[in-house]
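*Asks:* So the protein sequences, as listed, match chains H and W. Letter by letter, the first sequence follows residues 112 to 310 of the working numbering. Letter by letter, the second sequence follows residues 112 to 310 of the working numbering.
No lab work stands behind these hints: they were computed from the structure. These numbers were taken from a predicted model, which means no experiment stands behind them. Among the hints, a few may not be true.
With a cut-off of at most 20 Å between alpha-carbon atoms, the simulated SDA-like pairs for lysine to any residue come out as follows [said to hold, decoys possible]: (1) H/Lys-213 / H/Ile-252; (2) H/Lys-135 / W/Phe-288; (3) W/Lys-135 / H/Ile-252.
In silico negatives: residues of chain W with every beta carbon more than 10 Å from chain H [claimed, not checked]: (4) Thr-176; (5) Ile-229; (6) Val-236; (7) Asp-296.
Every beta carbon over 10 Å from chain H, so not counted as near; a handful from chain W, in silico [stated by the list, open to error]: (8) Ser-187; (9) Pro-225; (10) Ser-231; (11) Gly-246; (12) Val-279.
Just so you know, even glycine gets a beta-carbon here, dropped at the ideal spot from N, CA and C.
There are 2 protein chains.
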Amino acid sequence: MVFVAEPVARLVEALSKLPGIGPKSAHRLTYHILDSPDEEARALAEAIVALKEKIRLCSTCFNVTDCDPCVICRDSERDSSRVCVVERPSDIVPLERTGKYKGLYHVLHGSISPAQGIGSEQLKVRELLTRLENGAVKEVILATNPNLEGEATAMYLRRVVTSPDIRVSRLARGLPFGAELEYADDMTLSQAIEGRQEF
Amino acid sequence: MVFVAEPVARLVEALSKLPGIGPKSAHRLTYHILDSPDEEARALAEAIVALKEKIRLCSTCFNVTDCDPCVICRDSERDSSRVCVVERPSDIVPLERTGKYKGLYHVLHGSISPAQGIGSEQLKVRELLTRLENGAVKEVILATNPNLEGEATAMYLRRVVTSPDIRVSRLARGLPFGAELEYADDMTLSQAIEGRQEF
Chain H
112 MVFVAEPVAR LVEALSKLPG IGPKSAHRLT YHILDSPDEE ARALAEAIVA LKEKIRLCST
172 CFNVTDCDPC VICRDSERDS SRVCVVERPS DIVPLERTGK YKGLYHVLHG SISPAQGIGS
232 EQLKVRELLT RLENGAVKEV ILATNPNLEG EATAMYLRRV VTSPDIRVSR LARGLPFGAE
292 LEYADDMTLS QAIEGRQEF
Chain W
112 MVFVAEPVAR LVEALSKLPG IGPKSAHRLT YHILDSPDEE ARALAEAIVA LKEKIRLCST
172 CFNVTDCDPC VICRDSERDS SRVCVVERPS DIVPLERTGK YKGLYHVLHG SISPAQGIGS
232 EQLKVRELLT RLENGAVKEV ILATNPNLEG EATAMYLRRV VTSPDIRVSR LARGLPFGAE
292 LEYADDMTLS QAIEGRQEF
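With the rest of the complex left out, here is chain H (with noise of 0.2 Å):
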């Protein structure tokens, strides 16, 4: 493209890169960086430097985190008899976001997948099971995805918890809210009909 200024061409190639952005998006991205304030613009780019030099793992759920423990760990009104295990960082957004859960979490950082070969061991498994040792830790809540990978991890972490004092539970598999039967696929229907809830 060389009809365009070389730190346009520059900045659309850097945007291009990230996920669900394709070349048209980043254009717009761009132009509008181009028009924003400076200040603006500036603090995206630091908030991007920051975010790399600061952020860590949490050594003890493995959360990413600026502090260690995370603001989760630390955080003593938490209930901190459960653990709720998470394939990535990420997953801990949303579960947030509903309030419905008050306990500490655990990332894995992936999910066991033969095809790419990740194992239980590239994951923060053996660190889970450390952390159930002490006995504090009451429930496990399997929050893996409801997809192959995440069934494979669930079923494994289920069979290495051993303790018959530690309740493993998992997400509830069924109907999304705002469905309708009629597009439901089989296998989402076929586990909202063995999971029937008491009514």
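Given chain H, work out where chain W should sit, using these hints.
*Replies:* Relative to the frame of chain H, chain W by itself:
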């Protein structure tokens, strides 16, 4: 959002200010940047800073550029007898992508909008007329947007470009490629009928 680390929240907020990026996309992008290599994140931050530092307006055509005159104005292989008038620097990108136009450009930096209190004097209209004075330009192609403001601007320019030696044209109106007559709006179809072309 007390449950996410401050650097995460900060980048989410900065990204949310960009057009078309809601809170969910901003989260997704933030966690993607967190996972991506340091160099990639730094390249993005630096591209944003460089954009704001290096880009100014071409003193001839008022396109955004890092050199003056811009790469288009200084390209001796382009047809300097034609000037295509656009509202925004970003409008040049799709026009260049067609490969159908080899002339120069003139960026107005907006359109006439009484509702928003924008008159011709806030646009680069005077600069356009000055550019036309030496007689080198033989055709002005109006490529303002096909909406109310763009039409008003085109009509205004049609009136003020008074030299009989300059042909004033505008981009064709009609059915977009891939459209279906059944779903075309009245305005588009009316313009397609009025502007019907020899075949």
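*Asks:* Decide, hint by hint, whether the structure agrees.
*Replies:* Hints, one by one, checked against the model:
1. Only pairs whose Cα atoms come within 20 Å are accepted, and H/Lys-213 paired with H/Ile-252 is accepted, the gap being roughly 12 Å.
2. For the proposed pair H/Lys-135 and W/Phe-288, the alpha carbon gap of about 18 Å is at most 20 Å, so the pair holds.
3. For a cut-off of 20 Å, the pair hint linking W/Lys-135 to H/Ile-252 is broken: about 24 Å separates their Cα positions.
4. Chain H draws W/Thr-176 into its interface by the beta-carbon criterion, the shortest separation being 5 Å against a cut-off of 10 Å.
5. In this structure W/Ile-229 is separated from chain H by more than 10 Å, as the shortest Cβ-Cβ distance comes to about 15 Å.
6. Distance to chain H confirms W/Val-236 as a non-interface residue, since its nearest Cβ pair spans about 19 Å, more than 10 Å.
7. Under the 10 Å C-beta cut-off, the non-interface status given to W/Asp-296 relative to chain H holds; the minimum distance is some 23 Å.
8. With a least CB separation of 14 Å from chain H, W/Ser-187 remains clear of the 10 Å interface cut-off, as annotated.
9. Against chain H, the non-interface label of W/Pro-225 holds: every CB pair exceeds 10 Å, the least being about 22 Å.
10. No beta-carbon of chain H is positioned within 10 Å of the beta-carbon of W/Ser-231; the least distance is around 20 Å.
11. No Cβ of chain H approaches the Cβ of W/Gly-246 within 10 Å, the least distance being about 26 Å, so the stated non-interface status holds.
12. Even its closest Cβ contact with chain H, about 24 Å, leaves W/Val-279 beyond 10 Å, as expected for a residue assigned away from the interface.
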